[in-house]
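Peer 1: Chain by chain, the residues:
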Amino acid sequence: MSTLEIRDLHVAVEDKQILNGVDLSVSSGEIHAIMGPNGSGKSTLAYAIAGHPKYTITRGSVTLDGADVLDMTVDERARAGLFLAMQYPVEVPGVSVSNFLRTAVTAVRGEAPKIRTWGKDVKNVMTKLQMDPTFAERSVNEGFSGGEKKRHEIVQLDLLRPKIAILDETDSGLDVDALRTVSEGVVRVHAESNLGVLLITHYTRILRYIKPQFVHVMSAGRIVEEGGEELAAQLEDEGYARFGGGPVLTPAEPRPSVDGVLPGASGGGN
Amino acid sequence: MVVEEREITVGGDARPARFTSYDVEDFPVPTGREEEWRFTPLKRLKGLLKGADADGKVQIDVDGLGDGVTVTSIERDHPLVGSVLSPVERISAIAFAGFTSGTLISVAKRAVVEQPVTVTLRGEGGTAYGHLVLDVGDEASATIVLDHSGSATYAQNVEIRVGANASLTLVTVQDWARDTVHVGYHAALVGRDARFRSFTVTLGGDLVRLAPTVRYAGSGGDAELHGLVFADAGQHLEHRTLIDHETPKCRSRVAYKVALQGEGAHTVWIGDVVVRKAAEGIDTYELNRNLVLSEGARADSVPNLELETGEVEGAGHASTTGRFDDQQLFYLQSRGIPAVEARRMVVRAFFAEVIAKVPVEHLRDRLTGQIEAELEGSGV
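Going down the list, the sequences are from chains E and S. The opening position of the first sequence corresponds to residue 1 in the working numbering, with each subsequent residue numbered one higher. The opening position of the second sequence corresponds to residue 1 in the working numbering, with each subsequent residue numbered one higher.
Rather than coming from a laboratory, the hints here were simulated on the basis of the structure. Just so it is clear, CB atoms sit at the ideal spot from N, CA and C, and this is done for glycine as well. Among these hints, one or two may not hold up.
Stated by the list, open to error - DEER-style ranges, computed between Cβ atoms: (1) E:T117 - S:E372: 21 to 31 Å; (2) E:D175 - S:G314: 28 to 38 Å; (3) E:T134 - S:T320: 48 to 58 Å; (4) E:K114 - S:R178: 22 to 32 Å; (5) S:E372 - E:G143: 25 to 35 Å; (6) E:T134 - S:R38: 26 to 36 Å; (7) S:E376 - E:N194: 58 to 68 Å; (8) S:S294 - E:T127: 34 to 44 Å; (9) E:T117 - S:D365: 43 to 53 Å; (10) E:D132 - S:S294: 36 to 46 Å; (11) E:M1 - S:G377: 16 to 26 Å; (12) S:D365 - E:E142: 17 to 27 Å; (13) S:S294 - E:E137: 25 to 35 Å; (14) S:G314 - E:Q130: 47 to 57 Å.
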């Protein structure tokens with residue numbers, strides 16, 4: 001049983017305050033959805049927990065089972081059991097997916113996976129996410145479509161088996177089939193490993209596949225409303241108008257991937 | 001003695017061929033302000049500009065001779081000497097005047113040589129002048145490795161003749177001791193429908209300044225110049241490529257990948273491509289990528305493409321100089337990979353593409369190992 005505790009978290013980007021005191025607790029087996037209008041600070045929360053150097057913690061604490069996450073380097077956080085599925089996975093030309101996965105798994109597990117079964121394991125996981133196993137020999141995310149990048153994120157989630165996973169707009173840019181495949185992958189890993197999930201989304205459609213027990217609404221860098229699944233339904237009907245945003249239901253057209261570009265200083269995803 | 005001084009007058013903006021001469025005195029001692037010398041630390045040339053006495057030795061041994069390959073010691077009056085290269089700079093003229101015995105490696109016509117021919121050039125201290133001729137006959141195919149090591153102050157001319165329809169892969173490795181000065185002029189003449197692929201790997205030495213040049217003897221020639229350069233603190237590693245397209249329907253590719261680390265590490269890449277009026281239908285592209293791994297290192301990159309005809313298949317260049325991509329490092333680290341390992345993955349990946357193309361397995365292994373050693377020694 002693990003718990004990620006976020007207390008009074010204040011985060012700035014280049015002297016601009018984005019998060020203004022976030023409190024949240026995610027434990028093993030729980031699924032939390034964070035929803036909110038553009039620019040409310042959802043992605044900032046994700047990157048700040050993962051330790052992106054662009055984000056400065058100005059106040060508050062983040063702990064995982066009591067250990068100070070903010071005191072850890074980015075890789076230490078991952079080895080401690082945190083995982084961030086990124087909205088814009090980064091291309092790393094020249095590093096093959098198979099080398100990358102093997103290096104990551106070795107780092108996180110603290111020992112190299114068994115050569116005898118490793119190839120088969122990777123192939124199985126990729127097949128489950130409907131990713132052609134030939135992707136293993138391609139460079140990390142290079143030339144991948146938006147859907148392939150998101151599938152690759154969940155392949156990593158499956159292989160690394162973190163304690164707590166943050167999924168940052170994993171639904172953005174996905175067509176219905178890809179959304180279902182990716183969601184099923186998350187649900188399966190959750191069921192198999194008692195994963196704690198923090199799902200960040202603007203839209204409710206992914207919540208049809210990944211059912212949250214807790215829904216939190218963010219606005220202006222704070223969690224302003226909390227409830228159960230019914231809150232998502234309510235947002236679907238009413239939109240973010242009372243939180244300073246627009247409607248929820250209609251997803252924007254999948255946007256072309258913008259690699260290496262993080263959400264801007266506004267802190268907003270899409 | 002001026003051997004050749006061509007004026008290209010076709011077209012309004014034609015640039016004349018470079019001045020060449022075998023007479024050292026035709027080339028004034030550079031001051032460092034000249035375009036071709038402005039990046040080079042002249043004081044560290046250890047007297048090469050003044051034509052220091054040849055008081056040292058670079059020992060040459062040839063390994064891997066098979067059917068169709070011969071090695072001959074040659075004098076300056078050999079008909080192949082000066083057939084491809086005429087000195088364009090003072091040090092080249094000094095090397096030409098200064099060498100006592102040259103080495104000719106010949107690949108017979110139509111010989112298909114599977115095993116690479118390895119020429120080891122081992123510096124044994126002091127100043128030395130070298131002359132090498134690589135002559136690959138028509139329709140022949142070979143791989144030649146020039147493997148430089150040891151300590152020397154070495155000025156060198158290499159003439160490379162690739163016959164019609166022939167194929168030569170040339171790998172030059174500059175794995176010198178830390179105190180070596182190496183100034184080399186590697187001139188290739190690529191025959192009709194011939195293929196010339198070269199890999200210039202420069203890792204060692206105090207000052208290395210290489211000028212690989214390519215001309216074509218007919219149409220249909222294909223030249224690829226790959227570079228792999230890794231400069232450490234205090235090293236000056238300079239590469240000046242020139243592709244001179246004078247004949248139609250040829251292809252050229254230049255791709256130099258350079259990593260630098262440590263205080264005073266300095267690399268220079270000058271990529272000149274000249275496409276003359278007669279060179280219609282050619283296809284050229286040159287690329288230089290510099291990866292600066294630490295503070296205090298400096299990469300200069302000057303691509304220069306001169307087109308005297310617009311009738312080309314393709315002509316382009318790209319040059320980038322950058323530090324680590326922070327997003328890439330963040331992504332790798334966010335998967336638990338420690339920062340040092342993440343950086344090494346990125347550097348390995350940077351060079352992997354070049355190394356993968358080297359057609360000699362033991363060289364690929366060695367180069368991979370040397371990149372690892374560079375990374376080990378760096379604290380990157």
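Peer 1: All hints, please: hold or fail.
Peer 2: Against the structure, the hints come out as follows:
1. E:T117 - S:E372: 21 to 31 Å: 28 Å, holds
2. E:D175 - S:G314: 28 to 38 Å: Given about 36 Å between the Cβ atoms, the range holds.
3. E:T134 - S:T320: 48 to 58 Å: For S:T320 against E:T134, whose Cβ atoms are near 29 Å apart, the range 48 to 58 Å is violated.
4. E:K114 - S:R178: 22 to 32 Å: Roughly 43 Å apart at Cβ, these two residues miss the hinted range, so it is violated.
5. S:E372 - E:G143: 25 to 35 Å: 28 Å, holds
6. E:T134 - S:R38: 26 to 36 Å: 49 Å, violated
7. S:E376 - E:N194: 58 to 68 Å: 41 Å, violated
8. S:S294 - E:T127: 34 to 44 Å: 43 Å, holds
9. E:T117 - S:D365: 43 to 53 Å: 27 Å, violated
10. E:D132 - S:S294: 36 to 46 Å: 39 Å, holds
11. E:M1 - S:G377: 16 to 26 Å: 45 Å, violated
12. S:D365 - E:E142: 17 to 27 Å: Once the Cβ atoms are compared, 25 Å apart, the range 17 to 27 Å for E:E142 and S:D365 holds.
13. S:S294 - E:E137: 25 to 35 Å: For S:S294 and E:E137 the Cβ distance comes to about 32 Å; the hint holds.
14. S:G314 - E:Q130: 47 to 57 Å: 38 Å, violated
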